[in-house]
Amino acid sequence: MTVIEEFHPDYLTLHLDGRFDAHETPQVRQSLATHTPKNVHINLEKVTFLDSAALATLVQAMKNCRERGGDVVLCNMPQPVRIIFELTRLDKAFKIINTVHDATQH
Amino acid sequence: MAYTNYQHWKTTPLGDTIVPHLSVIIPAYNEAERIVPSIGAIASYICDLGFDWELIIADDGSKDNTVALVEELGLANARVLRAAKNGGKGSAVKRGMLAARGRYRLFADADNSTPIEEVSKLLAKVDGSQAPRYDIAIGSRAAEGAQESNKSLLRRIFSGGLRMMVKYVLGINVRDTQCGFKLYTAEAAQRLHHAQTMMGFSFDLEVLYLAAKYGYTIAEVPVSWIDAPGSKVNPTKEAKRFIKDMAAIKRNDWRGAYAS
Chain A
1 MTVIEEFHPD YLTLHLDGRF DAHETPQVRQ SLATHTPKNV HINLEKVTFL
51 DSAALATLVQ AMKNCRERGG DVVLCNMPQP VRIIFELTRL DKAFKIINTV
101 HDATQH
Chain B
1001 MAYTNYQHWK TTPLGDTIVP HLSVIIPAYN EAERIVPSIG AIASYICDLG
1051 FDWELIIADD GSKDNTVALV EELGLANARV LRAAKNGGKG SAVKRGMLAA
1101 RGRYRLFADA DNSTPIEEVS KLLAKVDGSQ APRYDIAIGS RAAEGAQESN
1151 KSLLRRIFSG GLRMMVKYVL GINVRDTQCG FKLYTAEAAQ RLHHAQTMMG
1201 FSFDLEVLYL AAKYGYTIAE VPVSWIDAPG SKVNPTKEAK RFIKDMAAIK
1251 RNDWRGAYAS
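Those sequence lines, one after another, are chains A and B.
When we follow the working numbering, the leftmost residue of the first sequence carries the number 1, and every step to the right adds one.
When we follow the working numbering, the leftmost residue of the second sequence carries the number 1001, and every step to the right adds one.
Warning: the hint list may mix true and false statements.
What the hints assert, rightly or not - Just so you have them, the derived chain B footprint on chain A, three or more residues with Cβ under 8 angstroms:
no. : region
1   : 15 to 23
2   : 43 to 52
3   : 76 to 83
Claimed, not checked - Covered by chain A, according to a simulated footprint, are these stretches of chain B (three or more residues, beta-carbon under 8 angstroms):
no. : region
4   : 1106 to 1115
5   : 1193 to 1204
Honestly, the hints are just simulated from the structure, not real lab data.
On a predicted model such as this, the values are computed, not experimentally measured, just so you know.
We put the CB at the ideal spot given by N, CA and C, even for glycine.
Model the full assembly from the supplied sequences, consistent with the hints where possible.
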């Protein structure tokens, strides 16, 4: 999976591309630990699959951001990812937005 | 449209009169941590294909909450086959294959290590949409064009050694007998898994040996495969058992246990 970081004054956007699984979580955790952003927008448009380790990484990121007074916003969820979030009921826990542009309004 | 297909599948049972085009069987032993994302990926992809299908979780006596977790999902076309005790992956696959109602029956590992998208390549080999038509299509990490990711050196050596032995000892002309992604016609699944006697790691080997013996045609299809962390395969232990089981298969055959 590739991770592209895009820096903005108020938030960090991570564009993820590929299979987001336990092999790939360290680079996402590293990015978040390095920049300690208050707000993170995660673009999932090109993610083909997430496993439980990836979900745990996103939950931890959400907790960390909320402790700093910010949040994680998930954008551009493809259908398989949306269904995985629904089945794990994490769709209730996260802010989920249609596009990266919409996320900037939050 | 695609999401509508999923919503329909999730909420509307097929009913007894409809024969599913495909049954997907997931053998599961203590998979509470990994199985739900895999079910999501499978449901999303197969619903997109637009045919009737069912999902079977063949539990293998899990001690964690795998069974409860899957049942709580409330999927109308998913069934959980409970097992009182752990009988081995082969026993779970056998129960799933024999309980399935589909024209074609796929078993897929619970970690989605072979991405479900690969099933279309296998289906094309057995459903007549591509000539020649086969009885069985198996995912292969060794066929030309296959992609393996994150596989340890130990597991590569283990797999390579076993491939050689399978070819020269059992005469099975398949390069990868162990990939957890295999598709059978209903008739082949019923006959082969009914005759299956091995319930552990080597059950794949026995089923393929039987397939060749009974004259079923097998397509070996290159697939991508991602080694998922948390694999329950212990290479050293399983290699010893595998060699022992190869001898047992030959012995069974000599004794007439596989007479058709």
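Evaluated hints:
| no. | hint | in the structure |
| --- | --- | --- |
| 1 | 15 to 23 | holds (count 4) |
| 2 | 43 to 52 | holds (count 5) |
| 3 | 76 to 83 | holds (count 4) |
| 4 | 1106 to 1115 | holds (count 3) |
| 5 | 1193 to 1204 | violated (count 0) |
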